[in-house]
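*Asks:* If you read the protein sequences in the order shown, they are chains G and F. Each position in the first sequence, counted from 1, maps to that position plus 450 in this note's numbering. Each position in the second sequence, counted from 1, maps to that position plus 325 in this note's numbering.
Hints are not guaranteed to be accurate.
Pairs of lysine-lysine residues, derived as DSS-like cross-links and limited to a Cα-Cα distance of at most 25 Å, are as follows [what the hints assert, rightly or not]:
id, chain 1, residue 1, chain 2, residue 2
1, F, 439, F, 372
2, G, 818, F, 446
3, G, 880, G, 768
4, G, 823, F, 330
5, F, 372, F, 446
6, F, 439, G, 818
7, G, 793, G, 818
8, G, 775, G, 965
9, G, 745, G, 775
10, G, 640, G, 620
11, G, 525, G, 640
12, F, 439, G, 823
FYI, nobody ran anything at the bench for these hints, they're computed from the structure. Owing to the predicted nature of the structure, the values given are computational and were not obtained by experimental measurement.
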Amino acid sequence: MNLMQSISQIFSRLTEVPDQENSPFRYKIVRRNVAILMLLITLAPLSLMTIINYYEYRSVLRDEIVRPQRVLVNKAKHSIELFLANRLATVNFIASAYSYDELADESNLNRIFRVLKREFEGFVDLGLIDSAGFQVSYAGPYSLKGKDYSEQSWFENVQVNGAYVSEVFKGYRRFPHIALAVHHLPENGKPWVVRATINTAKLDELIASMGLDAESDAFLVNREGVLQTNSKYYGQALDRCPCIPSVSYEPTVVERVDPRGRSVMVTYCYFPNADFIFMLIKPQAQVMKAWYTLKADLFIVFAISVGLIVAVVLRLTKSMFDKMKEADDKRALALKEMEHSHKLSSIGRLAAGVAHEINNPLAVINEKAGLMKDLIEFTPGFPDKDRFLGPVGAIIGSVERCRTITHRLLGFARRMDVEIQVLDVNDVIKETVGFLEKEALYRNIKLNLNFARELPKIESDRGQLQQVFLNVLNNAFQAMEDGGTVSVATFERDEATIGVTIQDTGHGMSEDTMKHIFEPFFTTKASGKGTGLGLSITYGLVKRLGGDVEVQSKVGKGTRFTVYLPRKHQDSQGS
Amino acid sequence: MGGFKVMLVDDEQEFATTLAERLRMRGMETVTAFDGEQALRALAKDKPDVVILDIMMPGMSGLQVLGKITEIAPGTPVILLTGIGSTTEGIAGMKIGAYDYLMKPLQIEELMDKITAAVKK
C-alpha cells in the first residue's frame, strides 16, 4: 500500500505543470518531468523484461547443460560400481567355491589366479589370509607370503563387514591399486579371508569411455581429497585434490573456482558403498558458451533499445516543448501588443475627451483676451497702452499654444481617413526634409540623404507618411546639439517591405527610455516643451499603414529609427 | 465692412456675449442665442444676414439647427464653429448647406473675413 502510494505520488509530481507563467525554468521543468516519465514508463518494463529474460534463459540453459552432465556422471559412477561389484563377486566366488586347504595350496592358488587373470581383466594378485591376519598363500608378481595383516584396519573391517573394497593406495607396491577382500565363514572350522588386488587401469578405461571433450576432466577422488585416478588438471592418482564438495549420493552440480583460478562447473556423486567420489569438471567458459552468446545478444538488444528510446524521447520532448514555447511566446507577444494598442487607444480616448473639454474654456479665454485687446486698441488715448497690450498678447499666445497641444492630442486620438495612393517614399522624404532645411541651416545641422535607387513605389498615405517622417526628424533635431548630423537612408528590405532609417548623432536614450518612447505623454523634454505625443502618433500612424518602427539607441552616440512600410496596402490595417 | 446683422449661437454664454461685443466694436449688429430653440425664434424675428453657429450644443445640436435654418431661411449663410480637430463635422455641415466652418478658439480677423465673404456671396 505504501509503495503504491509513493509511486502514485511520484507520478503526480512528474505530471504536474508548474503555474508560474513567466518562470524561465517552467519549460525546462515540465520537459524534464515529461522526459523522465516517458523514460520511466518505457524503460522500466523493458528493463524488467530483460532481467526476467536473463534469469529465465540462464536457468533454462543451465538445466539444458546440467542434465546431460548429471546423466553422464550417474552412468560413469554406475559403471565403476558395477565393475567393482563384479570383481568383488568374483573374489567372493573364489572364497566360497574353494576350501581353505585348496586355497592354501600355492600351486592350486596359482592355477586359480591364472584362470582369474585370463577371464577377468585387471587382477594383479590373489592371496589367502587366515583368521589371525597371516598371509597363508599368495599368487602374483610379489612375494608377500607370510606377511602379517592383523594390524591393518582393512583386515578388521573385512571381518566385521564380510567384504571390503579399499581406496586406491600404493601399499607395498609402487603403482596404484585397489584391494578387494572377502571374509569367508565356513559352517565348521576357522574363517579365512581371500584378498585380491586389481589395478586402476580399468577405472581409467571406464572414465575414458565416457567420451569427454578435450576441456573436460573426470576422475575419482576419495573423501579425504586424494585422487584415485589420474586427473587432467589436478594431478596423478594419489595426489591431493583440494576441492571436495559436500556429501551427495545423487549427481549434483556446483559452480566453483578451481585451484588454477578458473571458474568451473563440477558435477559429482558420492559412492554409497565405497569411499569414492566421482567428479566431472567442465570449465564454465566452455559450458556456458551458448549462454554468454545469448547474454551478449540480450545486452546488445537492450542497449540499442535503451539508446533509441532515450534518443526518441529526448528529441520528441525537445521538439514538443520548443513548439509549445514558441506558441506561448507568440501568444504572449500578441497579448503584449494587444495590451499596448489597447493602452494607446484608451489613452487616446481620454486625450480626446480632455481636448474637447478644454477647448471651450480656451475659446472663452481667447475671446476675453481678444476683447481686452480690442478695448485697448479701439479706445483712443488708452493710458499705458503698450503695458496692457503686452500681457494680453501673451495670453493670446498661450491660448495659441494650448490650441496646438489640443490639436495634436486630437490628432493622436482621431481616426483619420487613410488616403491611399501609389507613391515614391524618396519623394515624400525629400518634401518632408524641405520643411526642416531652414532649421538645419540655422543650427548648422548636416543632412545626409542616402536614397536607394530604384526604390519600389509603395501604396500608402502621403500626408501620414510626411507626418511620420516629420515627427522622427523633429525628434532627431531636438536630440542634437547644433552642428550634428542626421542621416536618412531608404532601402528595399525584402520583396514586400521597404525601410527608411533616420539616424542622428544626438544624445541617445537609455534602455528605460526606449521602452516608453511610443507611449503618449511620455517625454524627456522639460515640462512645457513637449507634449510627449509625437512618437506615439508616429507609432500609431505607421501601424495603421501596416508598417513597423524599430528603434536602436546608445546614450551619447545617437539614435536610429527604422520605419518599415509595406509595398501593398492592406485594408485590415484601417483603424 | 460692417453694418451686417450677425446672429451668434453658442451654449457657452461668455463666449457668445464676448464675441458679440468684439463684433460690435467692429461695426456689426449682433444677436445672441444660447441654444437651438432660442436661435430659431430669433432667426424669424431678427432676420440676421449671417449666422455663426456652434456645432457642439446640448439639446438641439448645431447640425440640427443648421437643417432648420436652411428650411426656414434659405439663403442665410451659416458659419459653423467646431471644436479643434472636428473637421469631419465641419465638412458634414458644409454638405448640408453651411457656408464654411471655423475652429475654436477663433481668430477674430479670420472670422471677420469669413463673415464679409459669406454676406457678399
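*Asks:* Taking the hints in turn, state whether each one holds.
*Replies:* Status of each hint after checking the structure:
Among the hinted pairs, residue 439 (chain F) with residue 372 (chain F) is consistent with the structure: their alpha-carbon atoms are about 19 Å apart, no more than 25 Å. Restraint check: the Cα-Cα separation between residue 818 (chain G) and residue 446 (chain F) comes to about 30 Å, which exceeds 25 Å; the hinted pair is violated. A distance of roughly 51 Å separates the Cα atoms of residue 880 (chain G) and residue 768 (chain G); the hinted pair therefore is violated under the 25 Å criterion. With a CA separation close to 23 Å, the supplied pair residue 823 (chain G) and residue 330 (chain F) stays within the 25 Å bound.
Distance restraint check for residue 372 (chain F) and residue 446 (chain F): the Cα-Cα separation of roughly 17 Å lies within the 25 Å cut-off, and the hinted pair is therefore satisfied. For the hint pairing residue 439 (chain F) with residue 818 (chain G), the CA-to-CA distance comes to about 21 Å; that is within 25 Å, so the pair holds. Distance restraint check for residue 793 (chain G) and residue 818 (chain G): the Cα-Cα separation of roughly 37 Å exceeds the 25 Å cut-off, and the hinted pair is therefore not satisfied. At most 25 Å may separate the alpha-carbon atoms for a hinted pair to count; residue 775 (chain G) and residue 965 (chain G) meet this at roughly 24 Å.
Distance hint between residue 745 (chain G) and residue 775 (chain G) is unfulfilled; the C-alpha atoms sit about 44 Å from each other, more than 25 Å. Our distance criterion of 25 Å between C-alpha atoms is broken by residue 640 (chain G) and residue 620 (chain G), whose separation comes to about 30 Å. With a CA separation close to 40 Å, the supplied pair residue 525 (chain G) and residue 640 (chain G) exceeds the 25 Å bound. For the given pair, residue 439 (chain F) sits about 21 Å from residue 823 (chain G) by alpha-carbon distance, which is consistent with the 25 Å threshold.
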